[in-house]
Amino acid sequence: MLEHGQTSSPKRLASPPIGLVDLSMPPSLMIINVYTFIMLFAAAVSLVIGAIILPLSYKLVTNWEKENNSEMKGRLERTGYLVLLIACVILAVRMASWPFFYFTLRSYVPEVPGAMCMFGVTQIFPHTVWFLQIIKPIAFFAMGGWFLLYYIDNQTNTSPLAVRKFALLAVISIVILADSIGDLYYFIRMKPLMTVSCCATFYDIPVRASAMIPRAVLGGHYEKNLLPVYYTTNLTLISLLAYMLWQGIVGLNTLWKKVAISVAITLGAINALVVILSFFEVISPRLMQLPYHHCMYCFIGNGLVPDAPIILGLFILGTYGIGWILLLTLICRGYAEKDIEVIVDGTLKRLLGFSILCLLGAVLMVSTHLIIL
Amino acid sequence: MKRFIIIFFVALIIIAIGGTTYQKYYRTSRCAYDGSIVPPIYEVKIYLKDGTEKKFCSIYCAVSWFNPNIEKVEKVIVRDEIRGTEISSEVAYFVESELVTNEANDNRIHVFQQRPDAMEHMKRFNGDYVENPFYKE
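Protein sequence lines, in the order shown, are assigned to chains A and B. Take the first sequence: its letters are residues 1 to 373, numbered as in my numbering. Take the second sequence: its letters are residues 1 to 137, numbered as in my numbering.
Please keep in mind that the hints were generated in silico from the structure rather than gathered at the bench. Check the hints yourself; a few may be wrong.
Covered by chain B, according to a simulated footprint, are these stretches of chain A (three or more residues, beta-carbon under 8 angstroms) [stated by the list, open to error]:
1. 95-109
2. 282-291
3. 359-368
All residues carry an ideal CB built from backbone N, CA and C; glycine is no exception.
Could you put together the complete structure from these sequences and hints?
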């Protein structure tokens, strides 16, 4: 009799072992569909523009404060405006490429033998996919932070944050280049010449990582405790952020404000870990109505829970909002001018409100599902 | 601002209610173990003591669900691969062979109503009988 989490006899293999190239299948150049074209176009354009922005940003950073000649200064400013204009467009495209990457993976599911969801697709060139899945959220966070810095600098009359803005843009250009090269490499080389395994054989085994961590912390019956922990950390974080917003404890000038931001960041990181584990172990199986299935790819991409991308998107934006508060606090520190302080404080307060709305929205949607289902 | 916040949360609740309504009433029947589409010829139905039923896409998924829930199960209905008729798992012949029914989970267990069909399959696909995976003492 088959045991839970086991496949039938591994000795009798008519098809090739999972992950190996099946030479009996017809050869193919790459998977071509509209999603692939859009991803490749966006990656190629980003690669070219990233390669232009990187040296220009570096030049602007190094010469911005050195240049005293008014004519040279004027040329530098015109270059700066052009760089910012191009950067705004390309950064928006790269930010959109993160969710679009998953749409593209989803579109490959019918093409890959054995794939039931995006997990199967990620088994082809797994290292490249993991690289992309790590760099894309990092790039999204960095680009979101840069847009906020750009917004703050635009509110001032003298553009005092220009050097830092171009320095961050230079760093982001490197991330854009890596992300674009990764996209081009992956989508050009992606061929459905492998038989892949089902997500159930990976995510539903008893020794999966997402079960081991809560089991070690909360004990054998962790499923019962994980949901209360999810609500406790979320509501504590939201309450802290709401208190900070209400009392105006956000900004750059006092130690108390820095302590408050540090506490919010720490709690945000703990909450992110708890939410990720809760989604894997309790929330997504319940919302999908598949109590033994713990695959997040099925949760977001199989249409089992139509609003799952919105729930996860709200959680990610809420958590990133707290990270952006830290990023802006670090970048904008050291400026004692009253006008910058007012603008930064105002932006940070708006970010606090944004985080509260997103996190509360995600909790509200999860709760609605849990109550009704 | 207050108006925006109220509209935002009301919209989210409406979306969540819409999602659950779709799940409850409009979503096509899917495998109760891994959520994949159920091919009619390999369908397995498990009837529970509370009167409800669960559908599965393969013997692999049905067994994976059956083992931890054995106490709740009333009966298991499998489908003969040759004729498509529904039969009780207690009277079916189960054959494990080189032929894969579901590439996603590598299920190689086949179901037959009649012994000659099972023997023919075993001969063609290098198979052998396996005991009823839904056996209850």
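Under a C-beta cut-off of less than 8 angstroms, do 3 or more residues of the stretch 282-291 of chain A approach chain B closely enough to confirm the stated coverage?
-> holds (count 3)
Check of the stretch 359-368 of chain A against chain B for coverage (Cβ-Cβ below 8 angstroms, three residues minimum) = holds (count 5)
Outcome, coverage of the stretch 95-109 of chain A by chain B - at least 3 residues whose beta-carbon is closer than 8 angstroms to one in that chain | Contact hint for the stretch 95-109 of chain A vs chain B: violated, 0 residues under 8 angstroms.
Hint 1 alone, counting from the list given before, is not met by this structure.
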